[in-house]
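Between the sequences and the hints, there should be enough to build the whole structure, so can you do that?
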Amino acid sequence: MKSAVVQLPGLNRDRDMIAALTRIGGKPPATVWQTDTELPDVDLIVIPGGFSYGDYLRCGAIAARMPVMRAVADAAARGVRVLGVCNGLQILAEAGLLPGVLMRNASLKFVCRTVRLQVENASTVFTRHYQKGQVISCPVAHHDGNYFADAGTLNSLEDGGRVVFRYAEGTNPNGSINNIAGIVNEAGNVLGMMPHPENLIEAAHGGTDGRALFESALEIAA
Amino acid sequence: MIRARITVTLKNGVLDPQGVAIGHGLASLGFAGVRSVRQGKIFDIELDGSDRAKAKADLEAMCRKLLANMVIEDFAVELLP
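Chain order of the listed sequences is B and V.
Quick note: the first sequence, position 81, residue 80 per numbering that gives the first Met the number 0, numbers continuous.
Quick note: the second sequence, position 55, residue 54 per numbering that gives the first Met the number 0, numbers continuous.
Possibly wrong hints are sitting among the right ones.
Said to hold, decoys possible - Label pairs and their calculated CB-CB ranges: (1) 80/V / 107/B: 36 to 46 Å; (2) 47/V / 9/B: 27 to 37 Å; (3) 154/B / 23/V: 30 to 40 Å; (4) 20/V / 159/B: 29 to 39 Å; (5) 159/B / 80/V: 44 to 54 Å; (6) 21/V / 53/B: 19 to 29 Å; (7) 112/B / 14/V: 16 to 26 Å; (8) 105/B / 32/V: 17 to 27 Å; (9) 52/V / 18/B: 48 to 58 Å; (10) 55/V / 22/B: 49 to 59 Å.
Don't read these hints as lab results, they were simulated from the structure.
Quantities reported herein were computed from a predicted structural model and do not represent experimental measurements.
Glycine is no exception: its CB is placed at the ideal position from the N, C-alpha and C atoms.
In structure tokens form, the structure reads like this:
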């Protein structure tokens with residue numbers, strides 16, 4: 000499967016994401032700049048982490064209004080897989096491709112550590128190489144990962160199995176409601192998550208728990 | 000030219016950890032009796048033209064489309080004299 004990585008000023012995890020997609024997918028992803036209005040013909044679009052536009056106004060708010068995001072929204076509506084990690088999730092939420100919002104961490108501190116994630120839904124196209132209930136390690140590095148949504152939205156996320164990753168008991172680093180770490184859209188082809196699976200894909204990273212996410216999304220046999 | 004001030008605040012019920020921290024800061028400076036602090040944002044905007052009704056409508060659209068995140072924030076538009 001072919002993939003593309005969206006690049007915007009202020010993102011800084013794009014090279015990590017390109018390295019992960021190249022290593023696992025066997026070929027480098029295309030790259031797309033913020034002003035591009037058309038995307039290459041790909042099966043997976045990834046919005047990586049960082050601090051697009053310096054987090055001005057709100058995290059992801061300006062990036063979400065850039066031309067490339069209209070193209071991403073069109074692709075998502077056609078069923079193309081879209082993965083947003085960290086700032087990528089914030090951008091997807093600001094763009095309305097995922098519900099809710101990422102607020103300042105409850106501790107007010109930037110958190111940079113490895114957390115435990117429980118895989119709540121292993122039947123999405125992004126998680127089918129995991130087991131439901133499996134607990135994996137994953138690094139986080141963010142200041143605004145405190146997921147919040149109104150009660151109606153939360154109910155529909157929970158009832159629809161759309162909470163894909165939850166921080167395991169006692170490891171919630173940011174105060175997110177219901178310990179939410181990652182969610183999918185209703186159609187199941189857009190996943191946003193705060194943790195960084197691209198930073199845990201080979202022994203040198205200290206573990207490989209993130210690999211299965213890319214193997215799932217790129218449909219590569221584990 | 001029309002001048003406007005837009006105020007964006009968190010909706011009631013949305014936890015504001017920054018406001019809480021500011022409240023703690025005030026208390027540590029010795030200001031007693033500060034019950035709560037909610038922080039927000041102010042945008043001062045200058046617009047071309049003189050149609051105040053259109054300006055109000057445009058500013059409200061700006062709030063809904065970018066300046067406020069309607070999931071957690073409310074906004075108020077004030078046209079200045």
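Results of checking the hints against the structure:
1. The hinted window of 36 to 46 Å between residue 80/V and residue 107/B holds, with their beta carbons roughly 39 Å apart.
2. Our hint of 27 to 37 Å for residue 47/V and residue 9/B holds, since their Cβ atoms are close to 30 Å apart.
3. At roughly 33 Å, the beta-carbon separation of residue 154/B and residue 23/V lies within the given 30 to 40 Å, and the hint holds.
4. A hinted range of 29 to 39 Å for the beta carbons of residue 20/V and residue 159/B is consistent with their spacing of about 35 Å.
5. Separation of residue 159/B from residue 80/V is about 50 Å and conforms to the stated range, judged on CB atoms against 44 to 54 Å.
6. The given range of 19 to 29 Å is respected by residue 21/V and residue 53/B, whose C-beta atoms sit roughly 22 Å from each other.
7. Checked against the given bound of 16 to 26 Å, the beta carbons of residue 112/B and residue 14/V, roughly 22 Å apart, stay inside it.
8. Remark: the range hint 17 to 27 Å for residue 105/B to residue 32/V is upheld by a beta-carbon distance near 25 Å.
9. Range check, residue 52/V to residue 18/B: about 54 Å between beta-carbon atoms, so the 48 to 58 Å window is met.
10. The given range of 49 to 59 Å is respected by residue 55/V and residue 22/B, whose C-beta atoms sit roughly 54 Å from each other.
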